[in-house]
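J.: Sequences are here, hints too, so could you generate the full structure?
Residue numbers (this note's numbering), protein chains in the order written: chain A, 1 to 162; chain H, 1001 to 1340.
The hints are simulated quantities; they were obtained by calculation from the structure and are not laboratory data.
Please note that the accuracy of each hint is not assured.
[Said to hold, decoys possible] Derived BS3-like pairs: lysine-lysine, alpha-carbon spacing no greater than 25 Å straight-line: (1) H:K1164 to A:K38; (2) H:K1155 to A:K38; (3) H:K1164 to H:K1250; (4) A:K67 to H:K1218; (5) H:K1222 to A:K49; (6) H:K1085 to H:K1164; (7) A:K49 to A:K38; (8) A:K38 to H:K1134; (9) H:K1072 to H:K1155; (10) H:K1155 to A:K49; (11) A:K27 to H:K1164; (12) H:K1222 to A:K27; (13) H:K1218 to H:K1250; (14) H:K1134 to A:K49; (15) H:K1164 to H:K1222; (16) H:K1250 to A:K38.
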Amino acid sequence: MSLITPDFGLVFWMVVIFGLVFFLLAKFGFPVITSAVKRRSDHIEASLKAAQEARESLEGFAEEQKKMLEETRQERNRILQEAAAAREQIIAQAKEDAAAQARAEMARAREEISAERENAVREIRNQVALISMEVAEKVVRRQLEDTPAQRELIDRMIDEVN
Amino acid sequence: MKVLKLILPLLLSLIVMPMRAEEGLDMQKYIFGHIGDSHEWHIATVNGHHVTIPLPCIVVEYGGVHFFLSNKMEANGYTLDADGKIVNVATGVRPLDLSITKNVLGLILDSLLLLLLILGAARWYRRHDPLKDKPTGLAALLEPVIVMLEQDVIKDAVGPEYRKFSPYLLTVFFFILINNLMGIFPVFPGGANITGNIAVTGVLAVFTFLMVNLFGNKHYYKDIIWPDVPAFLKVIPIMPIIEILGTLTKPFSLMIRLFANMLAGHIMLLSTIGVIFLTAKMGPVLNGSLSVVAALFGVFLDCLELLVAFIQAYVFTMLSAVFIGLAHQSPEPEHENATN
Chain A
1 MSLITPDFGL
11 VFWMVVIFGL
21 VFFLLAKFGF
31 PVITSAVKRR
41 SDHIEASLKA
51 AQEARESLEG
61 FAEEQKKMLE
71 ETRQERNRIL
81 QEAAAAREQI
91 IAQAKEDAAA
101 QARAEMARAR
111 EEISAERENA
121 VREIRNQVAL
131 ISMEVAEKVV
141 RRQLEDTPAQ
151 RELIDRMIDE
161 VN
Chain H
1001 MKVLKLILPL
1011 LLSLIVMPMR
1021 AEEGLDMQKY
1031 IFGHIGDSHE
1041 WHIATVNGHH
1051 VTIPLPCIVV
1061 EYGGVHFFLS
1071 NKMEANGYTL
1081 DADGKIVNVA
1091 TGVRPLDLSI
1101 TKNVLGLILD
1111 SLLLLLLILG
1121 AARWYRRHDP
1131 LKDKPTGLAA
1141 LLEPVIVMLE
1151 QDVIKDAVGP
1161 EYRKFSPYLL
1171 TVFFFILINN
1181 LMGIFPVFPG
1191 GANITGNIAV
1201 TGVLAVFTFL
1211 MVNLFGNKHY
1221 YKDIIWPDVP
1231 AFLKVIPIMP
1241 IIEILGTLTK
1251 PFSLMIRLFA
1261 NMLAGHIMLL
1271 STIGVIFLTA
1281 KMGPVLNGSL
1291 SVVAALFGVF
1301 LDCLELLVAF
1311 IQAYVFTMLS
1321 AVFIGLAHQS
1331 PEPEHENATN
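T.: See below:
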């Protein structure tokens, strides 16, 4: 069979066989493989992108976390400072209150004491007046009537004694 | 030393081997018998007895179809003429011959193997989730090749519409590759010179021609019928004729390139091995030494042919992709026209 003249039979069978192979492979073979590979490469691409995004957002989170931590620390310091100030103030207030109360207590005691003394003095004076009158009575028994003029005199004399 | 140890027994055995079988080897018959098509599949000659597989002949003549095995040819009133074609003994006319010849059987077997490989790989993707599993077996074997072809060859050459054409181009690549490789394999299912046959490469080229010219865009057809050249070249239709010839020469070059490369490879290999039998009569020393040289050179040529088998499949696919891509180019910018 000559080399460069194609045989009709072989051409016929080649068309049939290649056509059949092409049909089968183009329908059930290569598209299945290439689409699966494409799906996978798309998936990988998407995953890489997602990972990149996740990393970026993670970095953002870390930044935010740091900021929040810093804010929290400042807040804590502020609260602590405030608490310390409040404590100082409360102690000072308490001291002041205590002092004021003590002073008031003192004043009242003093007042009571002076009132008591007054009462005592008045009592003593009355007693002295009575004793004096009894003494005077004994001294000038009968002679002396208990007249208002004499009582006034005696009072004046007692006042002078005081 | 190691190499010598390997060669020495071979050398000795060749010298001792009685080279009586082939007396006066007819080199031309030997080579053309191997590279040509035939109605039987010759496997080996053992002690002068030919071991062959008879192949079915299908002959259409006078409106009737005759089936018979090639070893029953004479009984059915047909014989082979000097060119190896079937002729009617009675009339001497060559009938329409649709026989399953050696090349057709080779094509069928190689195609079955190809279908087995590719559909086997495709089955893996049907049965597994490619997002979860790593390809194994056939899929792992074929995926890198398919991805390399589709992404680096087809996508680059065809352009954005490549997905429509990649099944065809991949089919062509693997079809040529498997037939090339099976052609190198020396015994039965292999050894048929399929891709070194002009009918086979011609049909492949016609398929590429159809793929290029049936799916071209408007710009492509306009460029053929009415290209952007001075009007006098179109009134006397020189340019359209050249362009139309151009569409034909592209697949023609594909056909010749694959055919000639594979044929040449087969002839080189056969000639090299033939040296062993040609020198059989020239004495044991010359025959032995040349046999070693021929065997070593044969190993080298086989390796070369493995490379060529891949390269030719690759080139056919790549050029088909380029031609398809040329039929899908978008028009050039307008200022190009202004200069004409």
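J.: State for each hint whether it applies.
T.: So, going through the hints one by one against the coordinates:
1. H:K1164 to A:K38: holds (14 Å)
2. H:K1155 to A:K38: holds (13 Å)
3. H:K1164 to H:K1250: holds (21 Å)
4. A:K67 to H:K1218: Violated - the C-alpha atoms of H:K1218 and A:K67 are around 62 Å apart, more than 25 Å.
5. H:K1222 to A:K49: Violated, because 43 Å separates the two Cα atoms, which is more than 25 Å.
6. H:K1085 to H:K1164: violated (41 Å)
7. A:K49 to A:K38: Distance of about 16 Å is within 25 Å: holds.
8. A:K38 to H:K1134: holds (14 Å)
9. H:K1072 to H:K1155: Status violated; Cα separation ~52 Å.
10. H:K1155 to A:K49: Holds - the C-alpha atoms of A:K49 and H:K1155 are around 23 Å apart, at most 25 Å.
11. A:K27 to H:K1164: Cα-Cα ~12 Å, so holds.
12. H:K1222 to A:K27: violated (32 Å)
13. H:K1218 to H:K1250: Holds, at about 19 Å.
14. H:K1134 to A:K49: holds (21 Å)
15. H:K1164 to H:K1222: With a Cα-Cα distance of about 22 Å, the restraint between H:K1164 and H:K1222 holds, given a limit of 25 Å.
16. H:K1250 to A:K38: violated (31 Å)
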